[in-house]
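Asker: One letter stands for each residue in the lines below.
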Amino acid sequence: MKMSALPTKERFNFPTRHPAVPTVDAVMVEERAASFTKRSIKTSAKLSGLKMAVSMCDLTTLEGKDTPGKVAYLCRKALQPIEAKYDVPSCAAVCVYPNMVKYARKFLGENSPVHVASVATGFPSGQFPLPTKLGEVRRAVADGADEIDMVIDRCAFLAGDHAKVFDEIAATKEACGVAHLKVILETGELVTYDNVRLASEIAMHAGADFIKTSTGKVSPAATMPVTLVMLEAIRDHFFATGVRIGMKPAGGIRTSKQALAYLAMVKETLGDDWLNPQMFRFGASTLFNNVLMQIVKNVEGNYQGADYFSLS
Amino acid sequence: MKVSAKRAVVVAATNHVVVPLKDRKLNFGNKWDFAPAPEDSKNYVIAPQHELFIGGEFVAPSSGQYFPSINPATEQTLTTIAAANEADVDTAVKAARKAYDKVWSKMPGLERGKYLYRIARIIQEKARELAVLETMDGGKTIKESRDVDLPLVAAHFFYYAGWADKLKYAFPGKTPSPLGVAGQIIPWNFPLLMAAWKIAPALACGNTVVLKPAETTSLTALRLAQIFQEAELPEGVVNIVTGAGETGAAIVNHPDINKLAFTGSTEVGKKIAQAVAGTKKKLTLELGGKAANILFEDAPLDQAIEGVINGIYFNQGHVCCAGSRLFVQEGIYSKVIKKLRDRIQTLRVGNPLDKNTDIGAINSRPQLEKIRELVQSGVDEGAELTQTQCTLPAKGYWFAPSFLTGVTHAHRVASEEIFGPVLSVMTFRTPEEAFERANNIPYGLSAGVWTDKGSKIFKMVSKLRAGVVWANTYNKFDPTSPFGGYKESGFGREGGLHGLAAYCRLD
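Sequences listed follow chains A and B, in order.
Numbers in the numbering used here are just positions in the first sequence, counted from 1, shifted up by 4.
Numbers in the numbering used here are just positions in the second sequence, counted from 1, shifted up by 9.
Derived from the structure by calculation, the hints contain no laboratory data.
Fair warning: there could be bad hints in the mix.
Here are some chain A residues pointing at chain B (derived, C-beta under 7 Å) [as the list claims (entries may be wrong)]: (1) A24; (2) V28; (3) D29; (4) V31; (5) M32; (6) V33; (7) E34; (8) R36; (9) R80; (10) E236; (11) H241; (12) F243; (13) K271; (14) G275; (15) L279.
The structure presented is a predicted model; accordingly, all values stated were derived computationally and were not measured.
Glycine is no exception: its CB is placed at the ideal position from the N, C-alpha and C atoms.
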């Protein structure tokens, strides 16, 4: 008898098209998202927007070649991105692999304004057994992670086993204890806006503190329409439950102009209560120095060369 | 594990704070305000006086009369415009007739096309200037004149330029020939775009033109005349006569006009139809509308809300195809109203030249008064008015984006065209009821259908008596697509092949 690779028993309680999960129309969501890129953000609004963007950055290094030394560069940059005279806030967090958490924590100390975020649960693929994933989370938290960026099980999601996705998020949330949980949907692998909306609903109901677009390892990473779909899910969740969930687009945001367009989208979709690092983050590495360069340009009136901005 | 003081804060945030039901509101405040971002307008000089464009030259009106053109956002006089009387119109028609007989009707289509391409390219080059002028003259936002009007203006000239030498292929088996002199009267809501819709197909087919822009928005048409000069369009092929109703009447009643095209109010359209009756003049009318935007329970709601917003607030609602009647299926009514209420709060009303402005100025004081009067009638008849909380500028003509709930078919606001940023919301229960209610009006220009189900879209489209039906989108325009109405929204089509046919004799 030929064995089917697909699950034979339908065990999910979150059907593919849950009646409470609205559908999304691609044409209009893309049109609406594009409208935010036409906001013209100049002078004082640009400066305050860019500083806000810095305060919302999760400065990130996620490479196999990461070392304690590299993490030290990152932490120092996150604490003080640029000379004090520019009055730029520190980043929200540094985001590292679990093995790097203890070094980041050591460098930043216990009472740092910069949080330590760790990716976990078999980042970036999520193709690992649950006990392994949970062990990883517990270890990262024990090492001092304030925030856990988990990945959802896209295998389960795309195979229709939404309950498994839900259960894993709930279990991860439990393993997090006091740490904040960001749930990465990896929207580049979910592909459709309907999938993004459904995955957002599952994550929020399962206990996410934040929902996050991407690992940065899959293209496309964050896009404005995908982020808009998630912001709308957050808004509807707030109306339904009273709980404010945070949002983190990650990957693909490379320029100050893009970052400001994202902030305009947050401002006009969720309002002022989400315009802070507690509720909105950027997952960023290349974006960061571009933002700093624009801040300096705004203050000094001309652009400085790349060598005037420290590497992280 | 040691928990520091700082991390205790994290703990508090982790245990999700539940906001009580009454406080679950979005706060669209001023935490991060956009600084003013005005489009630079000082490099574009507007002459203090504008003449008529007849026979390829700018000439003074025989009456010597001029009327002021006002920027509706500031109430400042921008310039004065010549008022053409019957004698001027006669001169213009004679110039057009001469150009038709001697030059334009004899010119090979390929050559006519070259002129149209040249005009299209110059429009593209001067797009920013034209957009700024359009915004100052008419009150529409720079965002729309820059991103919608001007690209479409150029696109129309490019599109019809392409047909000029291919008319035989447009109508297989027929021999298309031009009609003669076309009299064209256009409205103030899309001044330059309406000029393009009218002039481009007329010229492509070999006709010559006498065009009258609306008296509140003549500036860009006269700037277009300069572009015709720059393109070396033969003299008299397009003549532009400015003025109010009497100028238009002179065109309509002129015996040597072969074709009339009018876009504007149904009231004036009816008068034109009466005046033309019994003559040999061909006529197309594009008149008022009161479009139904129909929201089904299975619609992609957030996108549908965007469509509703675009449908009614685009160009301050000064759009003949505006989705001014919203029909919501009863099961989602409260959800839709809540979303609409939130969404209109983020609309930015103010200086139309500011690149972040979503809603500009109402075109004229009489229009503003008409909107106010109709909205008041809605309130008097028992509808509930919801408006944005924005502060309106002290000077200029403004109306805050609004919608009326509790509207029934018996309300005036359910059947009369408001032509402003005011939406009338009604409900329905079944698809049959939706198209019955949508069709229960003397107009039939456009409609919108919002549903996730394709079969429902096709069913609705086949039942709706409207010239354009948009599905899961709204206000999409393209030169290749015909546009026009049923019933009192007019007859004839503009755009696409249909638009070409209106300017040809097909033997």
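Asker: Each hint needs a verdict: does it hold in this structure or not?
Answerer: Hints, one by one, checked against the model:
1. A24: violated, 12 Å
2. V28: holds, 5 Å
3. D29: holds, 4 Å
4. V31: holds, 6 Å
5. M32: holds, 3 Å
6. V33: holds, 6 Å
7. E34: violated, 10 Å
8. R36: R36 (chain A) check passes; min Cβ-Cβ to chain B is 5 Å, inside 7 Å.
9. R80: violated, 19 Å
10. E236: holds, 5 Å
11. H241: Constraint on H241 (chain A) not satisfied, violated at 11 Å.
12. F243: holds, 5 Å
13. K271: Where the cut-off is 7 Å and the nearest Cβ of chain B is about 6 Å from K271 (chain A), the hint holds.
14. G275: Because about 4 Å separates G275 (chain A) from the closest Cβ in chain B, which is inside the 7 Å limit, the hint holds.
15. L279: holds, 5 Å
Checked against the numbered hints above, the structure breaks hints 1, 7, 9 and 11 and satisfies the rest.
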